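Following the hints, position chain S against chain P.
Number of protein chains: 2
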Amino acid sequence: MLNKDFQIGIVGLGLIGGSIARSLSQQGYEIFADDPDDQALEIAFKDKVINGRLEDIDLEKEIILIFTLPVLSFSKELEKNKEIISRASLVSDCLSVKKDLNETISSKGVDTSNFVLSHPVAGSEKSGFNNSASNLFVNKISVLTKLPETSSKAYEICSEMWEAMGASTIELSLEDHDDFFASTSHLPHLISFCLISAVSKMKSGKANLLSGGGLKDFTRIASSDPKMWEDIFISNKENILDSLNSFKTEIKDLENLIENSDAKKINDYIKKAKIFRDSLI
Amino acid sequence: MLNKDFQIGIVGLGLIGGSIARSLSQQGYEIFADDPDDQALEIAFKDKVINGRLEDIDLEKEIILIFTLPVLSFSKELEKNKEIISRASLVSDCLSVKKDLNETISSKGVDTSNFVLSHPVAGSEKSGFNNSASNLFVNKISVLTKLPETSSKAYEICSEMWEAMGASTIELSLEDHDDFFASTSHLPHLISFCLISAVSKMKSGKANLLSGGGLKDFTRIASSDPKMWEDIFISNKENILDSLNSFKTEIKDLENLIENSDAKKINDYIKKAKIFRDSLI
Numbered sequence: 033m034l035n036k037d038f039q040i041g042i043v044g045l046g047l048i049g050g051s052i053a054r055s056l057s058q059q060g061y062e063i064f065a066d067d068p069d070d071q072a073l074e075i076a077f078k079d080k081v082i083n084g085r086l087e088d089i090d091l092e093k094e095i096i097l098i099f100t101l102p103v104l105s106f107s108k109e110l111e112k113n114k115e116i117i118s119r120a121s122l123v124s125d126c127l128s129v130k131k132d133l134n135e136t137i138s139s140k141g142v143d144t145s146n147f148v149l150s151h152p153v154a155g156s157e158k159s160g161f162n163n164s165a166s167n168l169f170v171n172k173i174s175v176l177t178k179l180p181e182t183s184s185k186a187y188e189i190c191s192e193m194w195e196a197m198g199a200s201t202i203e204l205s206l207e208d209h210d211d212f213f214a215s216t217s218h219l220p221h222l223i224s225f226c227l228i229s230a231v232s233k234m235k236s237g238k239a240n241l242l243s244g245g246g247l248k249d250f251t252r253i254a255s256s257d258p259k260m261w262e263d264i265f266i267s268n269k270e271n272i273l274d275s276l277n278s279f280k281t282e283i284k285d286l287e288n289l290i291e292n293s294d295a296k297k298i299n300d301y302i303k304k305a306k307i308f309r310d311s312l313i
Numbered sequence: 033m034l035n036k037d038f039q040i041g042i043v044g045l046g047l048i049g050g051s052i053a054r055s056l057s058q059q060g061y062e063i064f065a066d067d068p069d070d071q072a073l074e075i076a077f078k079d080k081v082i083n084g085r086l087e088d089i090d091l092e093k094e095i096i097l098i099f100t101l102p103v104l105s106f107s108k109e110l111e112k113n114k115e116i117i118s119r120a121s122l123v124s125d126c127l128s129v130k131k132d133l134n135e136t137i138s139s140k141g142v143d144t145s146n147f148v149l150s151h152p153v154a155g156s157e158k159s160g161f162n163n164s165a166s167n168l169f170v171n172k173i174s175v176l177t178k179l180p181e182t183s184s185k186a187y188e189i190c191s192e193m194w195e196a197m198g199a200s201t202i203e204l205s206l207e208d209h210d211d212f213f214a215s216t217s218h219l220p221h222l223i224s225f226c227l228i229s230a231v232s233k234m235k236s237g238k239a240n241l242l243s244g245g246g247l248k249d250f251t252r253i254a255s256s257d258p259k260m261w262e263d264i265f266i267s268n269k270e271n272i273l274d275s276l277n278s279f280k281t282e283i284k285d286l287e288n289l290i291e292n293s294d295a296k297k298i299n300d301y302i303k304k305a306k307i308f309r310d311s312l313i
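Chains as they are written, first to last, in this note's numbering: chain P, 33 to 313; chain S, 33 to 313.
Take the hints with a grain of salt, since some may be wrong.
One copy or two, it doesn't matter: identical chains are merged, so the pair holds either way.
Unchecked claim - No farther apart than 20 Å at their CA atoms in a straight line, the calculated lysine to aspartate or glutamate pairs in the EDC-like style are these: (1) Lys296 <-> Asp257; (2) Lys269 <-> Glu115; (3) Lys172 <-> Asp274; (4) Lys304 <-> Asp249.
These aren't lab readings, by the way, just hints derived from the structure by calculation.
As the structure is a prediction and not an experimental result, all values here were calculated from the model.
Chain P on its own, in the form it takes in the complex (with noise of 0.2 Å):
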C-alpha cells in the first residue's frame, strides 16, 4: 500500500499527468503540479484535482515526482526541479522512449537511486488535461524499468503508486523497453499515419463517406498528437527503423503470395496471423 504521506509532484499536467492527479488526488494524496497551460493548472486546481503548483511542494515531507511531458522537453525539466529530485522518495516519467532519457539523466550527473521509470499502457490517440480520467490506469500494464543504481525501496514505491491506481506491473530493462515498443506501438503508429495519408490522396475522394467500416477503427491512433510522435519517432529511431524492416520482409511476402495468386499459402498466412492475434485476447 502506498503510504498515504507521499506528496505527489507532477511535471506536465495532459493526458497522463492529469489522469494520475485525478487518480491520486481521489485518494486523498496532495498533488503539485507544473504546466505550461496556466488555463490548465486552474481548472484542475478549481476542479480540486490538484492542491498547488511543484513551487508549493512541502521540502521537508515525503515526495514523488512524475516527469509527464514530451521526451524533447525532459533535460530542461530535471536541470528545474533538481532540489526537488533530491529530496524525493521516488522520481519516475511515463515517457514511451527510455533510451534517450536515460542518456539525459546520466549527464546530469543527479543521484539516481530514487529513479524508476515507468511507461503505463494505457495510452489513448486523444491528448490533454480535457481527456484525463481518473480510472485510465484501472486493470492496465505499467512497465517499470530499473537504472543501475535504482534502490529497491524505490522500485517498491513505484509499484505501490501504479497498484494504487489500478495498474499492475512489470518490469523490463531499459533496452527491451525501446524495442519491445518500437514493434507493438511506435510502428502501428506509424503504418497509420502512412495508410491514412495514403488514403488522403486516393482520387475518389469518397472515404469521408465510407469510412465507418475497418479504415476509421483500423486508424483510430493516427489521431495522435503530432508533437508526441515526432518526439518518439526521432527518439526510438534505431529501434523504429529495426522493425519497420521486419514489417516491410512481412508485406514483401504477403505481396508475393498474391502477386502469384497462391491461395493455400495466402490462406495459411492469414490463419497463422489469426491464431497469434487470436491468442492476445
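Structure of chain S alone, referenced to chain P:
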C-alpha cells in the same frame, strides 16, 4: 417501404446472411436459407430466424434472393439457384469484390435486369451465424452497384431492403467499388496480417502481456476469417497491389524523414494525417 409480401431467400447463413435473416424476420418477412452448416440452419429454424430451406420458397410469390457466401463459392450456387433467380424481383449479394462476381454472372447468361450488387459496410472480425445480430446494419452504409441491365425497379427494391434494415445506401460503379474497397478495407487487412506476423516473430515474446495498448485495437481486423480474405486478396488482386504500392511510397517517405531525424517534416506529415483522420469522424 419494402413490400411485406416478399419472401427473402438467403444463400449462406453466416455473419452477414444471419444478420439479414434476424433483422427481416423480426419485421415479419418470411426467410428461407441455405448453408453448408446444417447445425446453423437448425438453430436458426428453432429460433424462428428462418422459416425453412431455400427449397421451401414459394415460386409463385414475390422473392428477393441474396447471396452471402465466400466469393469463390458463388458460381456453383448461382447455377444451382437459376430457377429462383429467374422468378426473383431482386437478386443481390454482400460480397466484397464485384469484378469476378460480374464476370461469373455474365458467363452464366442469366437475365440480369433484377440484379443489384450490395456491399454493407458493416463487417466485423467475427464471423459465422453465432455472431450475427439483427442490428448489424443499423446506421451503416450499404454500397449499391448496378449491372448494365439493372432495372430501376430492382434498384428501388434493393434500396428499400437496406433501409428496412436501418442502413442508408449510396451508389458506386463496379470499378469504383473495387478500387475504393481495395484502399479502405482490403489494404488495412493486408497490413494488419503483416504487422501481426512481424510481431509474432519478435525475440522478446512478451506481446501477450503488453498488448493492451495500441497493438490489440490496431490489429483487431487480423482476427478475420482466413477463407474470406484469401478469396478477396485473389479476386481484387490488381486494385490491392496498386493500393499497396501507394502505401509503400508513403512508408518510404516517412522512413526517410525518420532516418534524417527531420523533426519539422515528421511533424507536418503526422499533422496532415491526423487532420484527414479526424475528418473521418
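Status of each hint after checking the structure:
1. Lys296 <-> Asp257: between (41 Å within a copy, 14 Å between copies)
2. Lys269 <-> Glu115: Classified as neither: same-chain Cα gap 32 Å, cross-chain 62 Å, threshold 20 Å.
3. Lys172 <-> Asp274: Neither: 27 Å inside a chain and 39 Å across chains, both beyond 20 Å.
4. Lys304 <-> Asp249: between (22 Å within a copy, 18 Å between copies)
In summary, the numbered hints that this structure violates are 2, 3.
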